[in-house]
Structure formats: C-alpha cells, structure tokens
Amino acid sequence: MRTADLTVSKDADDSPELLNDLLVQVGRRDAEAFRKLYAATAPRLLGAALRIVRRREVAEDALHDAFLRVWWHADHYDPARGAAIGWMITILRNSAINHLRKAGRERVVASLDTDEDDDVLERIGAVPGVSSADRLSLVHCLGELEPQHRRCVIMAFADGWSQEELAERLGQPLGTVKSWIRRSLARLRTCLDS
Amino acid sequence: MTPDDNPTDELDLDAAEFVLGTLPPVEQMRFEMRLRNDRLAQGRVVWWQRRLAPLLGLIEPVEPPAALLERIERSIQRQGRPSRGKVFVPLHRRIWNSLSLWRGLAFGSALLAAAFAGLLVVRPLPQGPGAAYIAILDDTSGNPMWLVSADPAAGAVSIDPVGQMSDGDRVPELWLIPAGSPVPVSLGVLDPDARMAMELPAEHMAGIGGGAMLAVSLEPTGGSPTGRPTGPVVQQGRIVPYLP
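Taken in order, these protein sequences are the chains called V and E.
Numbering (the working numbering) for the first sequence: 70 to 263.
Numbering (the working numbering) for the second sequence: 522 to 765.
Chain V on its own, in the form it takes in the complex (with noise of 0.2 angstroms):
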C-alpha cells in the first residue's frame, strides 16, 4: 500500500458544501452565486475540458455549454443527493465529449509518460468542492490496483477515451480493457466503501 503525501494547497477551497450552497443559489436563479460558482470551478473545469478536446477554443465552447446547463438544471440539484462538482463534472465531461464529436475525432494523443504511475497519485492535488477525505480514500484505492488498471481508469475519465482508443492506445484487446475497467471500479467500489 502507498501512503499519500498530499496536503491540501491553501487556495484550493476544501468544502463541498461551499459549492454545494453555491449551486442551490444557482438553482434560484442568483446570477452572483453563479458568478462565484463559476470563479470557483471554470479554471480546473476548463482544463478538464482542455484535457479532452485538445483544442482551446473547442474546450471553451464545451465550458459554455455546461455552465449554460448548470444554470438551467440548478434548480434541480438537491444537495443532499451528491456534491455540486460531482454533478458538474459529468456535465462538463459529456458537453467536451459532444464538441469532440462535433469537432471530428482527430486528436492529438496525449503522451502516456504524463501519465506514469509513481507520481500519478502524487499528483492528485486538492480541488474545490472536493473534501480532502474523498480525495486520500481514492488515492488510496487507486494505489491498491494493477499499475495498467489504474492508467486505464485514470485516461479513461482524465482523457475522455472510450474502450476502443483505450485498447488501441494500450494495445490491449478491447475485451481486455473492458474487463479492466469493470474489475477495477468494482474493487474501487469495495476499497471506497469501507
């Protein structure tokens, strides 16, 4: 087992619940709270964005896009069922997906070694709305898996890749992965839940 070296940087905000009150303003239509939310989020968003599309203004219609429809679905969110950035990542995630399609599916392929396991987990640094204790436990459950299980995990959400341009980047196939990918939430699942 690895044990994480990881302290919480002094300008990341460590509480969910700040975002969490955050987007319930949202959902009530304050355009301040929305503006704060967006001060708070856009940044690492917008990188996540980045991070998929490859393009920066390809990444950046994707981030207009999700905040238009955080606007709109705010009023929907009910704090007790999940955190805020939670639920704005999927959003995020799946409007940087569509722009890739839109876009075509020419990408330029991000460099494995960026990636590499032993300072992967290191990296994992503090993100708004993200409580310090979720981010040790996924550490640390990431670090109880298969090197090549973790690196599939990690691409799949950090890159947005499906199976097929996982299995063709690891060269691997397709089943494989997908048996990878399903093994490893499934411990994930396990690790997290106790």
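What the hints contain is simulated information worked out from the structure, not anything from laboratory work.
Among the hints, a few may not be true.
A few chain V residues facing chain E, derived, Cβ under 7 angstroms [what the hints assert, rightly or not]: (1) 105; (2) 107; (3) 136; (4) 155; (5) 199; (6) 202; (7) 212; (8) 224; (9) 229; (10) 254.
Note that the structure is a prediction, hence the values are computed from the model and not measured.
Backbone N, C-alpha and C fix where the C-beta goes; we use that ideal spot for every residue, glycine too.
For this one, chain V is given, so just place chain E on it according to the hints.
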C-alpha cells in the same frame, strides 16, 4: 459468468462506467433512459460522481479568458425566459425538439429524474453518421421500452430492448405506421432480450420520414396471423430525425 453478474452489481458498475464515460454508445443511451426514473441507478451515479471527482485534481487548471463568462451570461439571457423559471429550457433546442420523445424527461414524472436532465447527451449510435432516424417506444406509463435507429442509406434498422417486458405467452411485434397512412406494416416479431438488426425494403424505408410512428402490439407466437395487429398496442413512439 463472473461474480459480478448479480443485477445490483451490474447496475453499480454501469453507473460507475457512466460516470467514467466508458459505456459504449448504446449502453450509454440505455443507461440514460434508465436514469429517468430509476432512483437506485440515480443514487449509484451520484455516489460515483462524488467518489471519482477527486480525479479532477490531476488536471492542470486553465484560466478562462475574461470574455467567456460574459459570453455565457449573454447566452443565458438570450435563452432565458423572464423571471425565475421552473420552465425547462433545453440548451440544444434542435436536438431536444427533434427528440420530442424525450418529453418524459423534461416534463414527466419525478423532479429527481429531471435532475439528471443536464447529464443527458445524445450520442451517435454504432452505425455512426448513417443513423439518421431514431424512435423511442414508450409503454403506456411513459417508460422507454425500445430504442429503434434507422439508417436509410444502408436500409438498416436496429432495435434495442431497453425495458423489461412481461407479456406471458404473447410476443411483441413491431409495426410501422407511415405518416398519412392508417395501415400498419409489420416489421417483424421482436426479441425482448436481444438487440436486433433488420434490413428494411426501400419502399418501407421511404415511409419512415415525415412523422411516421412505430408501434408494438402483443401477438400470438409467430406473430400476427392476419398481417394486421390483433392484440393490444402496448408501446409506441414517433420516428424523428437524429441530429447529433
């Protein structure tokens, strides 16, 4: 079979893959439809969203240009209705209007389901750019039961079961009801447990545009003996252009 085969486990792993973004397109659509009214599935998605959210910490923040927030706010104003809205204003009007069958999502049933509206995206089907028409066949309670996609260029139709049917000893048969024609054309007996692909003759394919309907009736084994629906029509849906 693997130890993961019990249904709850499968649901949970589907939810995890939904959040991870690795479900194949048809599975993805099927799962999105399930999210409309399955609270268990919704709960698992929320769990995984929270649990995987820390991965965002791997990603370098990128400062958006100042003009982007202004652009977002202008778009909101342009789309907006006056005052506070319980009004559902879809972002991709074109998609949402064309997929009017998704109405249940926007206006139907539980608000909880609507909370997931923001997550829904329409993804290309495996046929890729050729899939030009789509229909979602709902049962009488508005639950999606079949997803039908048609590629006129290839004459290909595929049918995915997305709901649970309990129909005793009768079998579901699919009917095409072309616009302006009251006469249903049988497209064959469906398998509630498996994806089906069929070839549609050109004369039938020509009838699917312009507001045609699909319907499913329950028929004796082997299909309707008369060539017309003889049992109750249990599911139906309109065929709409698929606009990614």
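Taking the hints in turn, this is what the structure says about them:
1. 105: This interface hint is violated because 11 angstroms lies over the 7 angstroms limit.
2. 107: 6 angstroms, holds
3. 136: Given a least distance of 5 angstroms, the restraint on residue 136 of chain V holds.
4. 155: Since chain E brings a Cβ to about 3 angstroms from residue 155 of chain V, closer than 7 angstroms, the hint holds.
5. 199: Since the shortest Cβ distance to chain E is 5 angstroms, the answer is holds.
6. 202: Not OK, violated: residue 202 of chain V not within 7 angstroms of chain E, min 10 angstroms.
7. 212: Hint violated; residue 212 of chain V Cβ to chain E Cβ min 13 angstroms, cut 7 angstroms.
8. 224: 10 angstroms, violated
9. 229: 6 angstroms, holds
10. 254: 4 angstroms, holds
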